[in-house]
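Chemist: Residue-level listing of the chains:
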Amino acid sequence: MNNLVIWPFVLPVITALVCLFGGRVALWRRWVVACSAVAQVALAFYLQAQTVGGTPLVQVLGGWSAHLGVALVIDGLAAIMLCLSTLVALACILYSFFELDVEHGHPLRLPLTQLLVAGINLSFITGDLFNMFVAFEIMLVASYALLTLEANDRHIKEAFPYLIVNIFGSTIFLISAGMAYAVFGTLNLAQISERAAQMEGSFAVALVAVMLMVVFGIKAGVFPLYYWLPNSYPILPYSLAALYSGMLTKVGIYVLLRMLCTVFPHSLDRVHIVLGWLAGFTMVLAVLGAISRNFVRGILSFHIASQIGYMLLAIGLFTPLAIAACIFYVIHHIIVKSSLFLIGGIAFFRNGTDHLERMGGLWKAAPVLGVLFMLQAFSLAGIPPLSGFWGKFTIVAESLRAEQYWLAIAALLASILTMVSMMKIWLQAFWRPSVSSVPLENTHTLTTASIVGMTGIVGVMVAMSLFIGLNAETFLQVSTHAADALLDPTIYRSAVLSIIGKGGAP
Amino acid sequence: MQIDTALLVGVMFAISTYLLLQRSFIRILFGFIIFSNAGNLFILSMSGAPKDRNMPIVKDGVTQYVDPLPQSLVLTAIVIGFGLAVYLIMLLYRIILDSRTIDIEKMFKPEEGDE
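If you're matching them up, the sequences are chains A and B in order.
The first sequence begins at 1 in the numbering used here and counts up one residue at a time.
The second sequence begins at 507 in the numbering used here and counts up one residue at a time.
Be a bit skeptical, because a hint or two may be false.
[Stated by the list, open to error] Covered, in the sense of this in silico footprint (three residues per stretch, anywhere, with C-beta under 8 Å from a C-beta of chain B), are these stretches of chain A: (1) 132-142; (2) 146-157; (3) 175-181; (4) 493-499.
[Said to hold, decoys possible] Here are a few chain A residues that sit away from chain B, every Cβ distance over 10 Å (derived from the structure): (5) F160; (6) I172; (7) M419; (8) H481.
If you're looking for bench data, these hints aren't it; they were derived computationally from the structure.
Since the model is a prediction, treat every value here as computed from it, not as a measurement.
Just so it is clear, CB atoms sit at the ideal spot from N, CA and C, and this is done for glycine as well.
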């Protein structure tokens, strides 16, 4: 039964290979990827149902004991993240079918998307620091390739900072994995957590923790390490930008949660305080950047960094309720952010441009789109009873309880400014009468059927986020269970280390 | 022996940092290559000084072995580093063809009609 644990990684890899070598018929390739994406969603939900009891699923590869071989672990949080990544991938893949005709799609796009999903999923299920590096590399190499695959001459140079910053981050990750091996003598996360608990308070543990925080800070887009993000995401096609914005930065958040809650001892107070303050700066500065931007993708890309701030603030506060709120916020954010990018895509195809000064008249032309956008924008800004409210409310309440008044003010300020920047899109793209006689960047128009299909996909995602908002109680309970399991390293440790395979007990 | 390795890694990090901060992106490329190799060497040095120890192949009568794990990690990291270097070279080649410059500052100078 536990052999299913590796399938969230293997299934997308197989799909990518079938797509690459399985013939030249583009339509057939689409069917393969769509069916596989549906199967991945089903698998992720099945695994989620298996972990509800609280015991993580563990698979040791090759039958070696965890301290010798590679262990894959799915606990509550990993299962939630798997569900989200497969759902968003499914939505983005279906959306991209409507976005491009069968003949015009780049043949490498679908296989690379599947490899990206494989990398993301592997980094959720791996229980080993070096394997996590490999998973990150699979994910990042696929993301580099997708970033430059269809970029034009002017856009491609924006990929360069993305590449350099992420390669730099990966090398630092490698070095910190080496340091962790030197300090703890192992790379298995469960064993590191066991040994770090015995070394509580030592300088070496804090050093490794800070190194890893820098690495995942780069991946997650934390102030002052986020500047590569808002310039590189806008060069992607909309369906891919939605996948990137939903998942890639959240992988950084996931690993930070895993490291600080499960692996390292909870006494790293100073690291938490630094994280909280960086989160405050990230929230406010990134949302100011969003206001300064004048095109839809730019505004939305800056918002990613700003929203990351809330999740980091929750990690920085480090109370059980705050961690639960962080997980809830991740669930909300992945759905809302990707659907906003998809809405931006529909607006782009209707208007022929995504520059706000040349847009207009969308409310008249597409009222359904307007309603969907408004719901998601309110949700992002945190208006009750939409899904964004509950996460933000809990985080602000927790920061007040921790007497971090400045951080609470920063969080509230950032959400007001989020509303302002969303109003900017609303007023110029939807409300204003359309501006005619302007040169359009995009002459490729879509048929009505495609637009309806795209709106339908976005509609389902909006319905999901409404469902999260209206059933906040249920989702907060799920997050609380995941957070409790995350904050109690003994569950993770005993699940991984109790499996004895070849090589005997550690 | 460990001191030598530490010094070598330190010097490599210093050179690569200098190169990564240059304007010409050919130098940045070399900075990156040296940086990843410094990282690999760092991991390798985690297995400790190889003095008086044997290669990690089990033989009768030998008790002291070099730690094999960092070596296998470095092998993986080298392969990944090669892949990234190839990708970076191809990207830079494309950028050179597109913008006819190897200077970062000229590359990012706003053009007419840019938003």
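Chemist: Determine for every hint whether it applies to the structure shown.
Modeler: Checked hints:
{"no.": "1", "hint": "132-142", "result": "holds (count 4)"}
{"no.": "2", "hint": "146-157", "result": "holds (count 5)"}
{"no.": "3", "hint": "175-181", "result": "holds (count 5)"}
{"no.": "4", "hint": "493-499", "result": "violated (count 0)"}
{"no.": "5", "hint": "F160", "result": "violated (7 Å)"}
{"no.": "6", "hint": "I172", "result": "violated (8 Å)"}
{"no.": "7", "hint": "M419", "result": "holds (24 Å)"}
{"no.": "8", "hint": "H481", "result": "holds (35 Å)"}
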